[in-house]
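Visitor: As given, the protein sequences belong to chains H and V, one line each in that order.
The opening position of the first sequence corresponds to residue 516 in my numbering, with each subsequent residue numbered one higher.
The opening position of the second sequence corresponds to residue 519 in my numbering, with each subsequent residue numbered one higher.
Simulated from the structure, these hints should not be mistaken for lab results.
We treat Cβ as the ideally placed atom computed from N, Cα and C, and that holds for glycine.
Hints are not guaranteed to be accurate.
Far from chain H by the CB rule (all over 12 Å, computed), these chain V residues [unchecked claim]:
hint, residue
1, Glu668
2, Asp703
3, Pro725
4, Asp735
5, Phe770
6, Arg786
7, Val787
Chain V regions said to be covered by chain H (calculated; three or more residues, Cβ under 8 Å) [unchecked claim]:
hint, stretch
8, 542 to 554
9, 568 to 580
10, 630 to 644
The lines below spell out each chain.
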Amino acid sequence: MKILSSVLLLVICGFTELRAQDEALLRIVVISEADGSPLVAANVLIYEPGEEELLLNCVTNPTGFCEIRDIEAAREYELRISYVGFSAYSEILTFEEGERKTLRVELEESVGDMGEELTVRGERVITTGEAGVRRVSTVDISRVPTPGVDGDLVSYLQTEPGVVTTGDRGGDLFIRGGTPDQNLVLVDNLPIAKPFHVSNLFSAFSDEVIQSADVYAGGYGSEYTNAMSAVIDINLRSGNFREYTGSGAVSPYMVSLQAEGPLVNDRHSFLVMGRKSTIEGLAPTIINDEVPINFADFVGRYTLQADNMTCNVTGIYTFDSGEVVPTQQLRSEWSNTVLGGRCLAYDPGLKYPIEITAGYSGFYNAERSNEVRERYSSLNQVYLNVNMREQLWDVPLIYGFGVNFRSYDVVLSEKFTEIESVSRLIPIMNMFVSGNWEISDRFELQPGITTHFSVDHYGGLEPRLRFAWKPDGSSRQELSIAAGKYVQLFSGVGDQRDVGSVFTVLQPIKLADKVPQSYHGIVGYQQKLGAAFVANVEGYAKTYKNIPVSKWTPTARIQLETANAKGLAYGFDVRLRFQQSNFFMSAGYGWSEITYEAITGDLGAWIVEPIFEYSPAHDQRHKLNVLTSYTFGGFTANLRWELGSGKPYTQIFGYDFEVLVPAQDVTQIPGRARTLYSRPFGERMPYYHRMDVSLSRGFPISSQWLLEAETGVINTYDRSNVFNFDINTLQRVNQTPLFPYLSVKLSME
Amino acid sequence: MSPEKFAVWFVFSLLALLLAGCDNSLEPLDRDTGVYSIYGSLDVNKNRNEIRVRDLNVPFNTDATAEIDAAVTLENLNSGLVEALDSERFFEAGVYHHNFIVTQNIEPYADYQLTVTRSDGEQVILTTTAPTYPAPVAEPVNEKCYTPIEITFEPVYETTIAFFIEFQPRDVRKTRLGPFVIRNDSELTGEAATYTFTPVDLMKLVPGTLGRYRCTDLIIPRFEFYYAHYSPGFYESIVDNPFDAFESTQRFGAYYEDQLFVPIDTGRVCPPDCVR
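Isolated chain H, as found in the complex (with noise of 0.2 Å):
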């Protein structure tokens, strides 16, 4: 309560003004000359004027805005502002007692400028080298060669250290050992559960319609709730403001189509993208195999950009349909929808920017096999999240307050057993505040405490702090650490023993269960050389309570019945990064190891000993990845290599009929079929390793027609990676053989 008592007080300063101000306050959103479109991380820097010290600055948020605030009033000030690819902007300004200044400002696009070297940090925009956090671009989502022209964020995802797939097919990212359903994914702060193709080479997210995304792999901060491992948080960009544009794309795993342009100039644009899959219908001539997958997915966003506010709506449909190993006949679906919408007001007559995010999100998946629908489990979101500032003494301090109405519907059925069904809406209440504490030039704090609550349950206070420190003062090297407690109100259940099984079962936890719980703990060391060279290493380790497995049976098949184990994961991480003009080349190796114990007889387990410790299945230990890009002649070749260590499988133990002698005659009764496991996640498979290599060039056709090409090849060298066997057949199932490929992309600039 008292938690609850100091966020309403801190609402009722935010919207009043409690005391007079002598200082200014200046409002800036920066806009790209070109297109409008607001420039996310910005520096906006002031100086005195002709002077190099550093006075104040912020860092533009995704809607192209920051403020800063304690602007001593009557003297003249120099305002600089710099932007990678833009040229740098200048300008003095004088503010008056308490004035409230916005601007906008336009930066002009600046070819070959790399502009200034990011130096500042600011609320949720984060430069590289704070602890399990990277900031992704579009730039490095276009470096990893996917068969279509544009790049996707799932594949670029990929080639982390700390990031897992089951292989080439599932949707499903596990990071850090955190499982798919301890990752919280969010577009424009709008959750969205699965928004990953059933082709891990696709997500609803190409870089045509991503500005950045932020991927913690943990020790995130308090503004992020009820997301026990990971957070993406993803920024999509607004459509273009002042020019009418559009492009299709052709290739063999998709076709795509997409439009942008001003509804009103610079004031209010639209940003749509659609994309199918073809490759169901294309693989047999190509590959000379069946690939049974089909996915498509929409985007499209609506951007307001008014005078003191910058408000978008964003709707996202995804669907999925496949088979993830082909010889199981079982296929799997699954489908997101997402609309809402985020605004952010910094009207002068308010006394900080206030940000209300409102929408809804649902999610479904199941399992069918001949064309029964045989398991069922969606989670449908309204939600309402109002995040704001306020100062206390010289800290900047973010809180906020939201509510989530979270309907849980699951429906399981399987031939002889009972169907098991839940069906469940549950509001969940969530309150954070961060504060952001620059000690000195070299050491800057970032407390928070965020609760979040239910009808069932209560999380706890969720302390989550990050430390940076720069042992020079400046960002060529820097020690930051990451640390915190985190929570989750619901679980996702899958079938664990049985990586070709996507079907996830979301529930609510159990009124009698105690709620899954992690503690996360990076330490990060980053050293830049000269220009070109950056290299990072982290350590982490996270360990987990409460978390619901699925309890073992002879025979595959999910079950809501869960049992609580608990978990460690640690390991560390090396990345090398080098660029330099047109050649760029970076270098991961993660080593990890993932535990997870309980007691044997909760399990359900043949297991002798009373606790059973195991390694699940995505404890991937090593994990080593190359990309490099290279700019010749009009022409990017790009190359990603991966290779990564077997991750841990359950071994069959043996196909029997059983018989119940001597009650059942053998002469007469065949028995009761079964699949007998072996000693769980006891094997592990071999090594995988992949080659993808493209080259894209494009082709000028008009002065408003362009068309790009891209070729390249998937598994260059056919390695034959397993995915899985097929526990009927004991036949084995590769990923994705060598794939060659063409794709074309027209557009009109």
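Guided by the hints, dock chain V onto chain H, whose structure is given.
Guide: Structure of chain V alone, referenced to chain H:
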């Protein structure tokens, strides 16, 4: 660690990873643990018994199960008689099921060893001791409803006897109670297994009669015991769900079924029946 040492370590580690990447084999079947599943019961009263044997390493498909790579023998360890068992198969649920035929008489209180041998020499050996075959004795018989009756099986050897009790009251269907279990865990021979009951207690259990039935309500003046006498541990392997995967595929033992009728006097006992 110096930069040079780190570089050497890093390159060595990288090479080790690359070498590890050359192995691409996958063994989904745990061939070391599971060889055969065996479901068989040797009935002392029969001169032909069947034992189901299944190769656990063979998936569920017709071709793979058409033949079974197994040579099965049953040895009477007391007499030394070894019988090589012939097999029969039948097709059901898309696969062939192989039963091995035992033609020797099963002797009470004899030790038997079943050996299933694969062509590569891999063996599964199971043993059991057939139950003794005592004639049960009920005492006293032809007594009134309130007199306890003791049934004795002697001699028995580390054994379990499970039985149902049936009797026919008036106006209702034949009542069947059980199963009741008598265990004797002694490894010594000559021990007795006993069960004591009082007829009136069973009559009170007749469904739908609110406990008011007495022996006077019996149409046939007797209690019928249908019992099965099992070899050591066999009954437990049937009723308990084995926690161990391997044990759950090895269900082999000996038994026999028999019956015992216990006559009683259905005359009225007064008191207490006369005050009802």
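Visitor: Hints first: check each against the structure and report whether it holds.
Guide: Verification of the hints:
1. Glu668: It holds; Glu668 of chain V is separated from chain H by about 28 Å at its closest Cβ, greater than 12 Å.
2. Asp703: Its Cβ never comes within 12 Å of chain H, the nearest being 22 Å, so this holds.
3. Pro725: Fine: 24 Å to the nearest Cβ keeps Pro725 of chain V off the interface.
4. Asp735: holds (32 Å)
5. Phe770: violated (8 Å)
6. Arg786: holds (40 Å)
7. Val787: Holds, since 39 Å exceeds 12 Å.
8. 542 to 554: holds (count 9)
9. 568 to 580: holds (count 10)
10. 630 to 644: Violated - the stretch 630 to 644 of chain V has 0 residues with a Cβ nearer than 8 Å to chain H, which falls short of three.
Consistency with the previously given hints fails for numbers 5, 10, ordered from lowest to highest.
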